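Numbering (UniProt numbering), first residue to last: 1 to 573.
If you're looking for bench data, these hints aren't it; they were derived computationally from the structure. Treat each hint with caution, since some may be false.
[To be verified] Calculated cross-link-like contacts (lysine to aspartate or glutamate; reagent style EDC-like; alpha-carbon spacing at most 20 Å): (1) 312 x 292; (2) 208 x 238; (3) 374 x 534; (4) 308 x 295; (5) 104 x 123; (6) 523 x 442; (7) 113 x 207; (8) 508 x 455; (9) 508 x 534; (10) 447 x 520; (11) 474 x 425; (12) 317 x 455; (13) 208 x 236; (14) 447 x 425; (15) 458 x 504; (16) 348 x 311; (17) 104 x 235; (18) 312 x 356; (19) 407 x 347; (20) 399 x 425; (21) 148 x 123; (22) 317 x 270.
[As the list claims (entries may be wrong)] Restraint-style ranges between C-beta atoms, simulated for each label pair: (23) 145 x 500: 30 to 36 Å; (24) 417 x 549: 22 to 28 Å; (25) 549 x 512: 32 to 38 Å; (26) 69 x 38: 40 to 46 Å; (27) 470 x 417: 42 to 48 Å; (28) 396 x 312: 19 to 25 Å; (29) 524 x 419: 23 to 29 Å; (30) 304 x 474: 28 to 34 Å; (31) 469 x 513: 28 to 34 Å; (32) 311 x 549: 34 to 40 Å; (33) 454 x 537: 33 to 39 Å.
These numbers come from a predicted model, not from an experiment. We put the beta carbon where it would ideally sit given N, CA and C, even for glycine.
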Amino acid sequence: SLKKYQSYFGNKEPLANVAHFWFQMGPNFDSDKELGEIRSSLPPEKRFDIKNREQKNYLGILDWLLFPILLLLLWFFMIRRMSRNMGGGAAGGGIFNVGKSQAKVFDKGSTPKVTFKDVAGLEEAKVEVMEIVDFLKNPKKYTALGGKIPKGALLVGPPGTGKTLLAKAVAGEADVPFFSISGSDFVEMFVGVGASRVRDLFKQAKEKAPCIVFIDEIDAVGRARSKNAGFSSNDERENTLNQLLTEMDGFGTNSGVIVLAATNRADILDKALMRAGRFDRQINVDLPELKEREEIFEVHLKNLKLAKDFDKTFLAKQTPGFSGADIANVCNEAALIAARRNKEYVDKQDFLDAVDRIVGGLEKRSKIITPQEKRTIAFHEAGHATVSWILPNANPLLKVTIIPRGKALGAAWYLPEERQITTTEQMMDEMAATMGGRAAEELVNGKISTGALSDLEKVTKQAYAMVSYFGMSKAVGNLSFYDSQDSGYNFSKPYSEKTAELIDKEAKALIDSAHDKALEILKQYRPQFTELAELLLSREVIFTEDLEKIFGPRAKEGNEELQPGESAGEKNE
Numbered sequence: 001s002l003k004k005y006q007s008y009f010g011n012k013e014p015l016a017n018v019a020h021f022w023f024q025m026g027p028n029f030d031s032d033k034e035l036g037e038i039r040s041s042l043p044p045e046k047r048f049d050i051k052n053r054e055q056k057n058y059l060g061i062l063d064w065l066l067f068p069i070l071l072l073l074l075w076f077f078m079i080r081r082m083s084r085n086m087g088g089g090a091a092g093g094g095i096f097n098v099g100k101s102q103a104k105v106f107d108k109g110s111t112p113k114v115t116f117k118d119v120a121g122l123e124e125a126k127v128e129v130m131e132i133v134d135f136l137k138n139p140k141k142y143t144a145l146g147g148k149i150p151k152g153a154l155l156v157g158p159p160g161t162g163k164t165l166l167a168k169a170v171a172g173e174a175d176v177p178f179f180s181i182s183g184s185d186f187v188e189m190f191v192g193v194g195a196s197r198v199r200d201l202f203k204q205a206k207e208k209a210p211c212i213v214f215i216d217e218i219d220a221v222g223r224a225r226s227k228n229a230g231f232s233s234n235d236e237r238e239n240t241l242n243q244l245l246t247e248m249d250g251f252g253t254n255s256g257v258i259v260l261a262a263t264n265r266a267d268i269l270d271k272a273l274m275r276a277g278r279f280d281r282q283i284n285v286d287l288p289e290l291k292e293r294e295e296i297f298e299v300h301l302k303n304l305k306l307a308k309d310f311d312k313t314f315l316a317k318q319t320p321g322f323s324g325a326d327i328a329n330v331c332n333e334a335a336l337i338a339a340r341r342n343k344e345y346v347d348k349q350d351f352l353d354a355v356d357r358i359v360g361g362l363e364k365r366s367k368i369i370t371p372q373e374k375r376t377i378a379f380h381e382a383g384h385a386t387v388s389w390i391l392p393n394a395n396p397l398l399k400v401t402i403i404p405r406g407k408a409l410g411a412a413w414y415l416p417e418e419r420q421i422t423t424t425e426q427m428m429d430e431m432a433a434t435m436g437g438r439a440a441e442e443l444v445n446g447k448i449s450t451g452a453l454s455d456l457e458k459v460t461k462q463a464y465a466m467v468s469y470f471g472m473s474k475a476v477g478n479l480s481f482y483d484s485q486d487s488g489y490n491f492s493k494p495y496s497e498k499t500a501e502l503i504d505k506e507a508k509a510l511i512d513s514a515h516d517k518a519l520e521i522l523k524q525y526r527p528q529f530t531e532l533a534e535l536l537l538s539r540e541v542i543f544t545e546d547l548e549k550i551f552g553p554r555a556k557e558g559n560e561e562l563q564p565g566e567s568a569g570e571k572n573e
């Protein structure tokens, strides 16, 4: 049927005995001009009719629009991604909100459920920050006497000591709006964003005053400005810092806005940021002492199933120099070890293994060690143990092992005393104990190995510190070349080449003296030293009790070293 073609011929069905032709041409084709001459040249009875029918090609229009539409969609997708990455927090998102503050806001009732009871230890630091909380709760108590609340407090201390936890406790106790932000959140890829975010942060804080603004890791934005404009300068960060200085104590007032900040690098902060009127108080959050470690253990042991008669004081004594974060890690690691061993309770041995795991690394019993290497390692560690046991000023030994852990093939654990100052005699005895391993290799094998690398590195640093930092060398004198600012941009030494040679000479003399002292002790106690090494070879791990059986009781600090076959009691008589 030809009905389906009638739309091309004026809605009339084409005749079956007549030829019909249909052409699809472009919009610029002129049918009368192109076909008119051919039509007029034919006889009248053979002439054909020419009918034009316009038809729009919507697919062609779509093809023309497809590429611009794809470009617009791609641009929209990129803008959404950028706004999602940069526009979080209080700004609510959006590429046009990039200059808004990124601080998290905790209003009354939505603050973190952390109180000062959850912060173990840190008694002095808690007293300082609790006073700020008390002022916010009872301002008339202080204003009646003419006192003013500190505008800011800076929490300073090593990593993991609880600075951020203390700030969370302030937020939980103060019952006022709390703004929390990291120092790195101020700086962005766009120029001027940092200063804009500082302005917006304090604008929000003023609207909700009285309130607390907490800036974590403030050294990211508060680093001291460079004196050399062409070297190591960062205009964007410095502009952000300038705006922060102005907001904290500028021409305007910020009554009711208290700034808390935390850093572990207070030495690199700008002096203008540290002055009174901005951070009125610097609160030192140091590593916990024995009693504080006991309190921290009590907090983290609450949720653990412990064996009966568990001694928390013993754990605190075994972890000198551990921060609060380290102690939390020890407790968690002990629970994992107990679960791995299918125990119902976490006992003392699990905690000791957890401390070893954190301090020394993963135990590697599968490491292939030749018998000769194992013997060398045993005598090396026995050398450390012997010298440290004999010298009264060295750190007391806790245990020795020749089981590989981490990168070490053997290790000796000491229990250093928590003292605030160290004498020359104490440092020399510690260096001698460190050199005991190298001296033992020389004495037993008649040759040295690479096993003493970490020992040599340690004594070298300590010797140079004694000479150039602590003034413990008569030749160099009471001089200290220690850079407390640690700017990192001093390319010249603060002393002459002659002094440098003298420092090298004195440091080498100290190390040689420590080495000779260790070698002399090992020769003097050769039988006991050999017995200890053989015991270590057979058992792989020895403890304080084993050394006491071989050498007798250890001499107390301040006494002279023991003589062979002499006990501490005889020496003290």
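Comparing the hints with the structure gives:
Taking the CA atoms of residue 312 and residue 292, the gap is about 12 Å. The hint holds against a cut of 20 Å. Our distance criterion of 20 Å between C-alpha atoms is broken by residue 208 and residue 238, whose separation comes to about 27 Å. Distance hint between residue 374 and residue 534 is fulfilled; the C-alpha atoms sit about 11 Å from each other, no more than 20 Å. With a CA separation close to 19 Å, the supplied pair residue 308 and residue 295 stays within the 20 Å bound.
For the hint pairing residue 104 with residue 123, the CA-to-CA distance comes to about 28 Å; that exceeds 20 Å, so the pair is violated. Distance check on the hinted pair: residue 523 and residue 442 sit about 11 Å apart at the alpha-carbon level, within 20 Å; holds. In summary, the hint linking residue 113 to residue 207 is not supported, as the alpha carbons are separated by about 24 Å, beyond the 20 Å threshold. Of the supplied pair hints, the one linking residue 508 and residue 455 holds, its CA atoms being roughly 14 Å apart against a limit of 20 Å.
A C-alpha spacing of about 33 Å is found between residue 508 and residue 534, which places the hinted pair above 20 Å, so the restraint is violated. Taking the CA atoms of residue 447 and residue 520, the gap is near 17 Å; set against the 20 Å cutoff, the hint holds. Taking the CA atoms of residue 474 and residue 425, the gap is near 15 Å; set against the 20 Å cutoff, the hint holds. A C-alpha spacing of about 25 Å is found between residue 317 and residue 455, which places the hinted pair above 20 Å, so the restraint is violated.
Annotation: proposed proximity of residue 208 to residue 236 is violated, straight-line Cα distance about 28 Å (limit 20 Å). A distance of roughly 29 Å separates the Cα atoms of residue 447 and residue 425; the hinted pair therefore is violated under the 20 Å criterion. Restraint check for residue 458 and residue 504: the C-alpha separation of about 16 Å stays at or below 20 Å, so the hint holds. Restraint check for residue 348 and residue 311: satisfied, since their Cα atoms lie roughly 8 Å apart, inside the 20 Å limit.
Proximity of residue 104 to residue 235 is assessed by CA-CA distance (about 26 Å); at most 20 Å being required, the pair is judged violated. Distance restraint check for residue 312 and residue 356: the Cα-Cα separation of roughly 17 Å lies within the 20 Å cut-off, and the hinted pair is therefore satisfied. The straight-line distance between the Cα atoms of residue 407 and residue 347 is roughly 28 Å, outside the 20 Å bound, and the hint therefore fails. Simply put, residue 399 and residue 425 have alpha-carbon atoms about 23 Å apart, too far for the 20 Å limit, and the pair is violated.
At roughly 23 Å between alpha-carbon atoms, residue 148 and residue 123 are farther apart than 20 Å, so this suggested pair is violated. Between the alpha carbons of residue 317 and residue 270 the distance comes to roughly 38 Å, so the proposed pair goes past 20 Å and is violated. Take residue 145 and residue 500: their Cβ atoms lie about 57 Å apart, and the range 30 to 36 Å is violated. One distance hint, 22 to 28 Å for the beta-carbon pair residue 417 and residue 549, holds here, with the actual separation near 23 Å.
Taking the beta carbon of each, residue 549 and residue 512 are about 33 Å apart, inside 32 to 38 Å as hinted. Between residue 69 and residue 38 the beta carbons are some 44 Å apart, a value that agrees with the proposed interval 40 to 46 Å. Between residue 470 and residue 417, the C-beta spacing of about 18 Å breaks the proposed range 42 to 48 Å. Roughly 21 Å separates the CB atoms of residue 396 and residue 312, a value that falls within the hinted 19 to 25 Å.
At about 28 Å, the beta-carbon gap between residue 524 and residue 419 stays in the expected band of 23 to 29 Å. Distance hint check for residue 304 and residue 474: the Cβ-Cβ separation is about 54 Å, which falls outside the suggested range of 28 to 34 Å. Checking the proposed 28 to 34 Å range against residue 469 and residue 513 shows it is violated: the Cβ atoms sit about 18 Å from each other. In this structure the hint that residue 311 and residue 549 lie 34 to 40 Å apart at CB is violated, the actual value being about 23 Å.
In this structure, residue 454 and residue 537 break the distance hint of 33 to 39 Å, their C-beta atoms being roughly 22 Å apart.
Of the numbered hints given earlier, the model fails hints 2, 5, 7, 9, 12, 13, 14, 17, 19, 20, 21, 22, 23, 27, 30, 31, 32, 33; all others are met.
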